[in-house]
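Engineer: The primary structure of each chain is shown beneath.
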Amino acid sequence: MSASLAAPPSAASRDEDMARSLGRRRRVTDRVVRVLCWLAAGVGLFFLASILVTLVMLGYKGLSFGVFTHFTLPPGSGGGLLNAIVGSLIQTALGTLIGTPIGLMVGTYLSEYAAGSKLGDVIRFVSDILLSAPSILIGLFVYQILVNPFNGFSGWAGAVALAVIVIPIVVRTTEDMLRLIPTALREAAVALGAPKWKSIVFICYRAALDGIMTGVLLAVARIAGETAPLLFTSLGNLNWSLDMSRPMSSLPVTIYQYAGSAYEDWVQLAWVGALIITAGVLALNIVARVALRKRT
Amino acid sequence: MSEVLAAAPASKTSPKRPKRGSGKGDAVFALIAKGSGLLVLVLLGAIIVTLFVGGLPAFREFGANFLVNTDWDPPHDIYGGAVAIYGTLITSVIALVLSVPISFGIAIFLTELAPSWLRRPVGTAVELLAAVPSIIFGMWGFAVLVPFMATYVEPPLIDNFGDLPVIGDLFSGAPFGTGIFTASIVLAIMIIPFISATMRDVFLTVPAVYKESAYGLGSTTWEVMRSIVLPYTRVSVVGGVMLGLGRALGETMAVTFVIGNANRITPSLFGPGNTIASIVALVFPESPAGSLKLSSLLALGFILFVISFIVLALSRLLLRPGVRA
Numbered sequence: 001m002s003a004s005l006a007a008p009p010s011a012a013s014r015d016e017d018m019a020r021s022l023g024r025r026r027r028v029t030d031r032v033v034r035v036l037c038w039l040a041a042g043v044g045l046f047f048l049a050s051i052l053v054t055l056v057m058l059g060y061k062g063l064s065f066g067v068f069t070h071f072t073l074p075p076g077s078g079g080g081l082l083n084a085i086v087g088s089l090i091q092t093a094l095g096t097l098i099g100t101p102i103g104l105m106v107g108t109y110l111s112e113y114a115a116g117s118k119l120g121d122v123i124r125f126v127s128d129i130l131l132s133a134p135s136i137l138i139g140l141f142v143y144q145i146l147v148n149p150f151n152g153f154s155g156w157a158g159a160v161a162l163a164v165i166v167i168p169i170v171v172r173t174t175e176d177m178l179r180l181i182p183t184a185l186r187e188a189a190v191a192l193g194a195p196k197w198k199s200i201v202f203i204c205y206r207a208a209l210d211g212i213m214t215g216v217l218l219a220v221a222r223i224a225g226e227t228a229p230l231l232f233t234s235l236g237n238l239n240w241s242l243d244m245s246r247p248m249s250s251l252p253v254t255i256y257q258y259a260g261s262a263y264e265d266w267v268q269l270a271w272v273g274a275l276i277i278t279a280g281v282l283a284l285n286i287v288a289r290v291a292l293r294k295r296t
Numbered sequence: 001m002s003e004v005l006a007a008a009p010a011s012k013t014s015p016k017r018p019k020r021g022s023g024k025g026d027a028v029f030a031l032i033a034k035g036s037g038l039l040v041l042v043l044l045g046a047i048i049v050t051l052f053v054g055g056l057p058a059f060r061e062f063g064a065n066f067l068v069n070t071d072w073d074p075p076h077d078i079y080g081g082a083v084a085i086y087g088t089l090i091t092s093v094i095a096l097v098l099s100v101p102i103s104f105g106i107a108i109f110l111t112e113l114a115p116s117w118l119r120r121p122v123g124t125a126v127e128l129l130a131a132v133p134s135i136i137f138g139m140w141g142f143a144v145l146v147p148f149m150a151t152y153v154e155p156p157l158i159d160n161f162g163d164l165p166v167i168g169d170l171f172s173g174a175p176f177g178t179g180i181f182t183a184s185i186v187l188a189i190m191i192i193p194f195i196s197a198t199m200r201d202v203f204l205t206v207p208a209v210y211k212e213s214a215y216g217l218g219s220t221t222w223e224v225m226r227s228i229v230l231p232y233t234r235v236s237v238v239g240g241v242m243l244g245l246g247r248a249l250g251e252t253m254a255v256t257f258v259i260g261n262a263n264r265i266t267p268s269l270f271g272p273g274n275t276i277a278s279i280v281a282l283v284f285p286e287s288p289a290g291s292l293k294l295s296s297l298l299a300l301g302f303i304l305f306v307i308s309f310i311v312l313a314l315s316r317l318l319l320r321p322g323v324r325a
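Protein chains in written order, with the numbering used here: chain A, 1 to 296; chain B, 1 to 325.
One thing to keep in mind: the hints can contain errors.
Dumping the calculated DMTMM-like pairs for lysine to aspartate or glutamate here, alpha-carbon to alpha-carbon at most 20 Å [as the list claims (entries may be wrong)]:
#1 293/B with 73/B
#2 61/A with 264/A
#3 293/B with 127/B
#4 211/B with 30/A
#5 34/B with 121/A
#6 34/B with 128/A
#7 198/A with 26/B
#8 293/B with 61/B
#9 34/B with 176/A
#10 294/A with 127/B
#11 294/A with 121/A
By construction, these hints were calculated from the structure, which means they are not laboratory data.
Pulled out of the complex, with its shape left as it was, chain A reads as follows:
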């Protein structure tokens, strides 16, 4: 190479130089892009880490047994989050209980009955839209149909709003999971003379159970942290109440009220609540993912 530098430039070596510089430019571009991609991945991880670190740092110091055993109290009197936690558990559980069977049946319809049909395509399309629709609008919708015309804010309205969010999530996973069931299983059921519904319920559901459960877990994780729809439906309640027909407390709404307040101990409790809810939601997600991974 040094010999070619010393020699008078020939056409061939000029080409070679050009090729070399072009190659260098391509390599440099490639390296720059690679570095940027690593950085992009770093940025994503950084934000997750920053959020988790902030939650732990600000939430940990307020975390005590009392948070789980005391009701919410006026500022300065050392209250906890018990009614918020219980309210969240109740509404999340009811929302899941109402939404899951509907979502399951819709997913079943899409996978087992509507393959290739126009109606099935439309329902799948609409369900996917509902999956990403702004949750605040679902809150407004339930406010208009359940809160406004009847006797006001209630735990039931909150549960219904959450159920509407659950449905499309369960539809998606149910349909996907049922489609993974080998047709031989269904054929075996048919060959034994089982009616279709029996082959679906006792063969397909059973075979797809862990996948369907994963979808339900993801739905629970999603609604457990939902705030906006509850603002218009169960409203929140700083008093202890298990009456589903009255306004009901929930962890996200309490966090929202407390975080925006001017009282130091309320803000502290908001961070504790945020830590609890995030830990719960992420744990559910990880469990769901592990379950799904085992399957595929």
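Got chain A sorted already, so can you dock chain B onto it with the hints?
Structural biologist: What follows is chain B alone, placed relative to chain A:
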């Protein structure tokens, strides 16, 4: 196989069937399944109709003017949606501009660059970011991002660009830390997981032979991405971006914490504002049932639903399996 399945329901009418009742069971089960499916359609229709009917008094009172009126004047009972609509669109667009390149980088990282032992943990971490509840993003944004913006980002930008002609207005005002730009950043972080996950999934559908051929000809990783993978997946990539946009448009709690809650349009990126979702969340508690104010919020909700529906529908159509550039 499909013939067998298709034949199965027919057998319920067969007279040779020994068992009784199962035909009825099938019919009932099919009816419940179909009914649930139809319920989903009814649900979507009911949401649209409910929001529209709720917003009707406001639409009647203000007419098309509602869309362009920037006044939000509770004492005089005059409400315009322009500030919130503008805020919704501008924050979502800025969020897209910020998040698309990062998501693209993450998707390349996850499909081409990362060593295989790193792909799953990093992919999972990015997906977990999507699982963090929206209110947590809001609190984090308020506690961490807002002070950071107010101290390190906005003052130098205002000092250096605030006096420039034309674009100077974008960087004017006081560095409060809250406002349009901060809200856009929070939105960008929230939609990165959705866009990057979609991009990764569609990048993985590119047949390995195509990529191997390009690598075999001496292409670099970037050239393979730009000339093979991206053209092959172009339509779906746009679909993924639209999905992110749809998410950003309706995001509520995170934006509510950091947007600054002001009902005016400021030219500055750092100025306070409102989005449809944030104004609904913030104003709702002081809007009595039956008031024109509440009706205006429902009207805004209807507008948000229409915008989101169009964006999400487009996204679904583009992401349909089998659609190709």
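Engineer: Hint by hint, which ones does the structure fall short of?
Structural biologist: 3 and 11
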